[in-house]
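These protein sequence lines are chains A and B, in that order.
The first sequence begins at 5 in my numbering and counts up one residue at a time.
The second sequence begins at 34 in my numbering and counts up one residue at a time.
Hints may be right or wrong, so weigh each one.
[To be verified] Simulated coverage check for chain A against chain B, where a stretch passes if three residues somewhere in it have a Cβ under 8 Å from a Cβ of chain B:
hint, region
1, 91–98
2, 101–107
[Claimed, not checked] Beyond 12 Å from chain B on every Cβ pair, some chain A residues (computed):
hint, residue
3, Y33
4, T80
5, F144
6, D183
7, K189
8, E192
9, S211
10, P229
11, R237
12, D257
These aren't lab readings, by the way, just hints derived from the structure by calculation.
Built from N, CA and C at the ideal position, the CB exists for glycine as well.
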Amino acid sequence: MSISGATDPVETATKPDGIVQARGISKTYDGGIQALEGIDLGFPKGELTTLLGPSGCGKTTLLKIIAGLLEPSAGTIIVNGRAVTGPGPERAFVFQDFALMPWASVLRNVAFGLELRGMSRHERHAIARSYIAKVGLAGFEERYPHELSGGMRQRVGLARALAVDAEVLLMDEPFSAVDEQTRRKFQEDLLHLIQSENKTFIFVTHSIEEAVYVSDQVVLLTPRPGAVSRVIRTGLDHGGSPEELRRNKRYLDMVEEIWQMLREYLV
Amino acid sequence: MRVFGRDIPIMFALVFWALAWEIVGRAELVFLVPPFTHVLAALAEMVQTGKFRHATLLTFESFALGMGLALSLGIPLGVLMGRVEAAEKLLGTWVNVFVSAPLTALVPVIMILFGLGQTTIVVTVMLFAVWIIVLDTQAGIKHVNPSLLEMARSFGASRLDLYARILLLAALPEILAGVRLGIIRAVKGVVIGQLLVSIIGYGELFELYSRNFLMEQFWALTILLFAFAMLAAELVGWAERKVEFYAGARG
Ligand SMILES: Nc1ncnc2c1ncn2[C@@H]1O[C@H](COP(=O)(O)OP(=O)(O)OP(=O)(O)O)[C@@H](O)[C@H]1O
Ligand SMILES: [Mg+2]
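With the hints as extra help, turn the sequences into a complete structure.
As C-alpha cells, this is what we get:
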C-alpha cells in the first residue's frame, strides 16, 4: 500500500547517513532476551525522527544504546562521524519518568548537567534560568519537584537536556505521563523548539498521531527482536498552524496507513 | 493522652508520675525508691562533683569515638552491600544476625580482647550501633531510583559523582534513620559496657552508688542517662524530619 494522494511519498531504504547513524545494532540482554536485531538507521541533522513500534520491541533499548547508557551486543553507533563508547556532551536524554533529583530545586536540577561539567555556579544558574523561562516555568526556579505537576516536571527534564546545548536530544516517551491537553500543548511547543533550536531529535512514542504530527521521519520497528520494518518520511510542513496540520489530508492519510502497518503486528 | 475525653499534655504525664514517685518515696514503701525531690537534690549536687564531671567526659568520649567508628565503618559497608551483590550475599546474613543478637553477651569477650579500659567501651558502643546503620544504609542505596543514576551518567557523571551527588543524597533519609537507631543503641552500649567493666566512667559511679546503697544518686544518674538518650535520638529525628520533605516525594 502506498500513501494515497501524497505528493511525493519517500520511503527510503534506510541508508545510514546523518548526524547519528546506527550500524548493524543488535542487543541481547543478559537473560538471553534479544531486544534488537541488525538495526541500520540514519538520523538526519536538524530533523525529528520517531521510533514507533509495538510494546517491548526495543525502542527504549535502542535509545539507550544511542545515548551510550547501554552497550550493544553487536554494531556501532556513529555520532558526528565518531563511534560512541559511552555518554557524551553532544547527546542529552529526556527521561520518561523525568528522573529529577527530589532533593534539588528546579534551578539546580536544570543546571545539573552543567554542574557535572564543572561550570561555575553563577554561569550555570544564568543558563539554567534562561531555559527554565524558555519551557515556560519562569518563577518556579526555587520550587522542588514534588511541588510540580507531571507536565511541569517533564518541562524541567526538557530544560535540563536543553541547558547542556547538546546537538542530539533523545526523548523516551516524554509526554506519556501527562494528560491529553498538556500533551497537545507539548507537541506544539516541541515543534517550535525544533524550528528554533536546530537540534536533532530522536523521539519514542506509542501514539501514531503524535509521531506523524511532530516527525520528519518515522521509523517502524517489528515486534521483538526489533528490526527496522519501514522508514517513512512524512514530508509535512511543521511550520504552519497546528490546526492546519491536524486537518491536513496527508497527515490524516499517513496516520491511517501507519496504523494499518502496525496492525499486522498486533495479535 | 486522653483522660475523661480531655487532651492531657505530655508534660502533665511527667508531672503526674513525678508526683506518684514522690508519694511512694515519702511513704517509705520501697527502700529502693527515695522521694523524687531528694533524687533531684542529689542530681544537683552530683553534677557539681569533679568525679561526676570526669566520668561524664569519659563517657562522652567513649560514646563519640564508638559512634564515629560505627558511622565510618557502617555507612561504607552499607553502601558496598547496596551496590555489590557479592558483598550482600557474603555479609548480609551476618549483619542480620548481629542486628538482632543480644550483644551484651559479647561484652565479656571484648573485655578479654581489649582489656578493662576505655577501648572495650568504645568497641562495645561501635558493636551496638554499627549493624543497624549498615542495614538501613544498604536499604537506602538499593532503593535509589535507577533512572536517577542513568540520568547522571547520561550527563557525564564520573563514578565519584554518582556516589557523592546521587547515591548518598538519595539514600539520606534511610541513612539518617539508621543513625538515629544507631545512637539509641550506642547509648545502651556505653552504659552496658561501663557497667560490665565497672571501673571507669558512669560504671564506676553506678558501682559506687549501688554498693553503698546511695539510691538518690543512683536514680539521679539513671534519669540523666535516659534524658541524654532521648535528647540525642530527638536531635537526629529532627534532622530526619528536615530531609523528609523529599523522602516522601520520591516516586
Ligand atoms: N535490563 C533488561 N534485562 C533483560 N531484558 C530487558 C531489559 N530491559 C528490557 N528488556 C527486554 O527487552 C525488550 C525490549 O525492551 P524495551 O524496553 O527496549 O522495549 P520498548 O520498545 O521500549 O517497550 P515499551 O514500548 O513498552 O516501552 C523487552 O522484551 C524487555 O522485556
Ligand atoms: Mg520503552
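Hint by hint, here is what the structure shows:
1. 91–98: Holds, because 6 residues of the region 91–98 of chain A bring their Cβ atoms closer than 8 Å to Cβ atoms of chain B.
2. 101–107: Result for this restraint: holds, n = 5.
3. Y33: The assertion about Y33/A holds, with a minimum of 15 Å to chain B.
4. T80: holds, 19 Å
5. F144: Non-interface label on F144/A holds, nearest chain B Cβ at 15 Å vs cutoff 12 Å.
6. D183: holds, 17 Å
7. K189: holds, 23 Å
8. E192: holds, 26 Å
9. S211: Holds, since 22 Å exceeds 12 Å.
10. P229: P229/A clear of chain B: closest Cβ-Cβ about 22 Å, beyond 12 Å.
11. R237: holds, 29 Å
12. D257: holds, 37 Å
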